[in-house]
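Participant: Residue strings, one per chain:
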Amino acid sequence: MATVGTNNMQAKLVLLGDMGAGKSSLVLRFVKGQFQEFQESTIGAAFFSQTVAVNETTVKFEIWDTAGQERYHSLAPMYYRGAAAAIIVFDITNNDSFVRAKKWVQELQRQGNENLVMALAGNKSDLASKRKVETEEAQTYAEENGLFYLETSAKSAQNVNELFYEIARRLPKAQPIQPPSGMLLSDRPADRTAKSSCCS
Amino acid sequence: MFSRNCADRHTCFGLLALRFNYSPYLACRTAPRTCTSYSTPLGNFALIFGDDDDGPCYLPSYAPEKAEDDRDLLSSEGVNGGGADATSEEGTSEVQEFHRNEDEYPPSQSPSDVNGFKCISYNMKELDLDDDRRSAENMEGSCEQAKDSDIEVEPAAGNGHVEGYKSYASSECGGASKSGQGQDTDLLKRDLIPGKQHQNEDDSSAAWRRHKKHFFILSHAGKPIYSRYGDEHKLAGFSATLQAIMSFVENGGDSIKYVRAGDHQVVFLVKGPVYLVSISSTDEPLRALRRQLDLLHGQLLLILTKSLEKCFVKNANFDLRPLLGGTENVFSSLIHSFSWNPASFLCSYTCLPLSHTARQAAGAALQDVADNDLLFALLLSDSKVISLVGAQKASLHPDDIFLLSNFVSSSESFRTTESFSPVCLPKYNSTVFVYAYVRYLDTDTCLILITKNSEAFFHLKDCRARVESFLMETHVLRDISNSVARGGLRVEDLPAGDSIYGSVPRSKRVGTVGDGKASNSTAAGTKERPGVGGAAGLWHFIYRSVYLDQYVASEFSSPTQTPEAQKRLFRAYERLYASMHGAPGGSHQMQYRRDENHVLLAWSTADFEFFAAFDPLAEKSSAITVCNRVCQWIRDVENDFFFVGASPFNW
Numbered sequence: 001m002a003t004v005g006t007n008n009m010q011a012k013l014v015l016l017g018d019m020g021a022g023k024s025s026l027v028l029r030f031v032k033g034q035f036q037e038f039q040e041s042t043i044g045a046a047f048f049s050q051t052v053a054v055n056e057t058t059v060k061f062e063i064w065d066t067a068g069q070e071r072y073h074s075l076a077p078m079y080y081r082g083a084a085a086a087i088i089v090f091d092i093t094n095n096d097s098f099v100r101a102k103k104w105v106q107e108l109q110r111q112g113n114e115n116l117v118m119a120l121a122g123n124k125s126d127l128a129s130k131r132k133v134e135t136e137e138a139q140t141y142a143e144e145n146g147l148f149y150l151e152t153s154a155k156s157a158q159n160v161n162e163l164f165y166e167i168a169r170r171l172p173k174a175q176p177i178q179p180p181s182g183m184l185l186s187d188r189p190a191d192r193t194a195k196s197s198c199c200s
Numbered sequence: 001m002f003s004r005n006c007a008d009r010h011t012c013f014g015l016l017a018l019r020f021n022y023s024p025y026l027a028c029r030t031a032p033r034t035c036t037s038y039s040t041p042l043g044n045f046a047l048i049f050g051d052d053d054d055g056p057c058y059l060p061s062y063a064p065e066k067a068e069d070d071r072d073l074l075s076s077e078g079v080n081g082g083g084a085d086a087t088s089e090e091g092t093s094e095v096q097e098f099h100r101n102e103d104e105y106p107p108s109q110s111p112s113d114v115n116g117f118k119c120i121s122y123n124m125k126e127l128d129l130d131d132d133r134r135s136a137e138n139m140e141g142s143c144e145q146a147k148d149s150d151i152e153v154e155p156a157a158g159n160g161h162v163e164g165y166k167s168y169a170s171s172e173c174g175g176a177s178k179s180g181q182g183q184d185t186d187l188l189k190r191d192l193i194p195g196k197q198h199q200n201e202d203d204s205s206a207a208w209r210r211h212k213k214h215f216f217i218l219s220h221a222g223k224p225i226y227s228r229y230g231d232e233h234k235l236a237g238f239s240a241t242l243q244a245i246m247s248f249v250e251n252g253g254d255s256i257k258y259v260r261a262g263d264h265q266v267v268f269l270v271k272g273p274v275y276l277v278s279i280s281s282t283d284e285p286l287r288a289l290r291r292q293l294d295l296l297h298g299q300l301l302l303i304l305t306k307s308l309e310k311c312f313v314k315n316a317n318f319d320l321r322p323l324l325g326g327t328e329n330v331f332s333s334l335i336h337s338f339s340w341n342p343a344s345f346l347c348s349y350t351c352l353p354l355s356h357t358a359r360q361a362a363g364a365a366l367q368d369v370a371d372n373d374l375l376f377a378l379l380l381s382d383s384k385v386i387s388l389v390g391a392q393k394a395s396l397h398p399d400d401i402f403l404l405s406n407f408v409s410s411s412e413s414f415r416t417t418e419s420f421s422p423v424c425l426p427k428y429n430s431t432v433f434v435y436a437y438v439r440y441l442d443t444d445t446c447l448i449l450i451t452k453n454s455e456a457f458f459h460l461k462d463c464r465a466r467v468e469s470f471l472m473e474t475h476v477l478r479d480i481s482n483s484v485a486r487g488g489l490r491v492e493d494l495p496a497g498d499s500i501y502g503s504v505p506r507s508k509r510v511g512t513v514g515d516g517k518a519s520n521s522t523a524a525g526t527k528e529r530p531g532v533g534g535a536a537g538l539w540h541f542i543y544r545s546v547y548l549d550q551y552v553a554s555e556f557s558s559p560t561q562t563p564e565a566q567k568r569l570f571r572a573y574e575r576l577y578a579s580m581h582g583a584p585g586g587s588h589q590m591q592y593r594r595d596e597n598h599v600l601l602a603w604s605t606a607d608f609e610f611f612a613a614f615d616p617l618a619e620k621s622s623a624i625t626v627c628n629r630v631c632q633w634i635r636d637v638e639n640d641f642f643f644v645g646a647s648p649f650n651w
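These protein sequence lines are chains A and B, in that order.
Using UniProt numbering, the first residue of the first sequence is number 1, and each one after it goes up by one.
Using UniProt numbering, the first residue of the second sequence is number 1, and each one after it goes up by one.
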């Protein structure tokens, strides 16, 4: 959940998508500026945090990089519950991963969190020659479903920072500062309690 | 038991033989004998059936009830097949033979020549006692008759390297046996190439059939789930064949345990809807192979829990492979550990050597964060335990530690950052997921916090920060990395015994952990036999504390510093352990064996088990003296090498 302070906020961000789509690679590029050609499969979910500054606000992302394997799908809610933003990643050279991405979008929409910022990332744009998912197709799908679409490449770092900064910008900025819930305690000494105590 | 139509079985095994093509080892024909031996176009198979599922499965234990059959029960080994003789494979032929029940079942080695193929038919009894055939001597027996003259291979004096071995490790390890000199003397451990090897092979390729040890997991419908080598998709036909064999026997209300075909052993294990099969020519004891299949199943449960069985209830044709995506490394590293990690057959864990105070500090750090949310806290260095806390009235089984540490260390992604993953601890509770918070504190040291609460990540993250800062402040992390660099017990450091080397104050020799260098420089054993191991030709030992479920193994000394020698030693221990446990007719208290590679000594008491390997020319009496000294030594340094006190197994 995005929590707004004076000038900084904390936001939980989750990456979802098919295995091998490049979720971990995107995060590692964003957080550590690294890229590995043969990234090992993630087990469960890996946790990262990274702070970015947009428009005089700093946003501290708490990033959950989930494993794409099927066996973890039923556990995904554990990671996306309460998220302020989600990046759904697919591999532009793999049509199945796009189909899988659409399912993730549906699943998140069913959660009914209207404030959730969703991004669709078509990863591996450096492999454009092997492209199976057309930009227009993904763009249209994203617009229809209220997502924003970016084609990224963790390998060449293209659009990776842009993706996260765009999310930071879209996070609900002027979230009305809620009156603090719970009761207000006054400074007055609790006279009555003192009177009623047994050993006064 | 064997009333079914033999013709069907012939077909089954013919299929297996065709798929797996055992020739030339099986390129021999003999006339059909009894129902328990199967003649196929490619060879004969001897079958053993049994009813007990989980009990100790040492083959000859099936023998007494059908002693009559055993005499006729045939397995065959083609001697024209080039190295097909199992005994010569490891160079342990014709030393001294010891047969239990020798009077009852004299070995009937009767060379015969059938259809132009020369065959040797072994009495089944003798074949499967091959544990003991390897020159085993019962301690109480006639050990004086050891024939030193049979030993042809002698270690070269300088570097202890032994010439003239057959390459033993090469094909099983995928040909990767690059050795280097470093602190870590365990060469085999470093052999593992992550990921699946030989991905594009299948049962039609000769290279695939040449691998020494195959493991298969398949569903009861015959769908492949995992294969050590080759592509599971392409092995669908082979899987179906295995399934056909198993279900054929099952349909008769029986279960198939074991097939021996030439020097190949096929071991079957049924775990509900999951079938596990190993096919190996490594000549390991059946008991050890069964345990390996058991661990493989445990690893499957650790990833998926027992609820995977529900998938098969709903749909018998369920394909489990997608659910195991990305876990090839976990399985390949587990199978690799079957050839270097003694925990795989000892059913115990080992600790990182650490001074008692440092270990206590580490334990205190873990105890400090133990609360209701925390089920277990584990501090590991590689696969060695530094400290362990069970916060509630729960105990962590050594097998769970073994499988969990394999799972964590084989998954590279845990090293990148902190992770929170569902895992199942099969011995603790095989039906539910618990959640593991995993974080590497440095390159080797790994903290694993296990909780039942799926929401506890941030709490565990705080716990980790507390543990980490405590370990930094108390310099325990530094002690840990020093210990990793220093390694474990070395046979060269064995304190001199008073009787042999004159009286030397013991106190000077004990402090291995605190001041490893001091004890190294004063070790009399090193001076006595430079470069050839420790005193009296001691090469290596394993000491297992029965009470603590922990073991300590020495570092490999110079005569055992080739991958081949280490693997041979590992297999020898494995056999020794099997022959000390669950052997029919009572277990031995003590064993002394000599073959051309080692003298092996095993000693089992109520408190500990001790296994040691010596130079093949070592004398028995001095070997026994040295064993006593090693045991005394280990008791002296027990606090540094074992995790004693607050044992989680004694709640």
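Source of the hints: derived by calculation from the structure; they are not laboratory data.
Every residue, glycine too, gets a C-beta built ideally from N, C-alpha and C.
Fair warning: there could be bad hints in the mix.
Below, a sample of chain B positions facing chain A; criterion: calculated Cβ distance under 7 Å [stated by the list, open to error]:
| hint | residue |
| --- | --- |
| 1 | A288 |
| 2 | P322 |
| 3 | T417 |
| 4 | E418 |
| 5 | S421 |
| 6 | P422 |
| 7 | S454 |
| 8 | A485 |
| 9 | L617 |
| 10 | N628 |
Participant: Each of the hints needs a verdict: does it hold here or not?
Facilitator: For each hint, the structure was consulted:
1. A288: violated, 29 Å
2. P322: At 5 Å from the nearest chain A Cβ, P322(B) passes the 7 Å test, so the hint holds.
3. T417: Result: holds, 5 Å to nearest chain A Cβ.
4. E418: For E418(B), the interface hint holds, since the closest Cβ of chain A sits about 5 Å away, which is under 7 Å.
5. S421: holds, 2 Å
6. P422: holds, 6 Å
7. S454: holds, 5 Å
8. A485: violated, 27 Å
9. L617: violated, 48 Å
10. N628: At about 46 Å, which exceeds the 7 Å cut-off, the nearest Cβ of chain A leaves the hint on N628(B) violated.
The structure does not agree with the numbered hints 1, 8, 9 and 10 stated previously, though it agrees with the rest.
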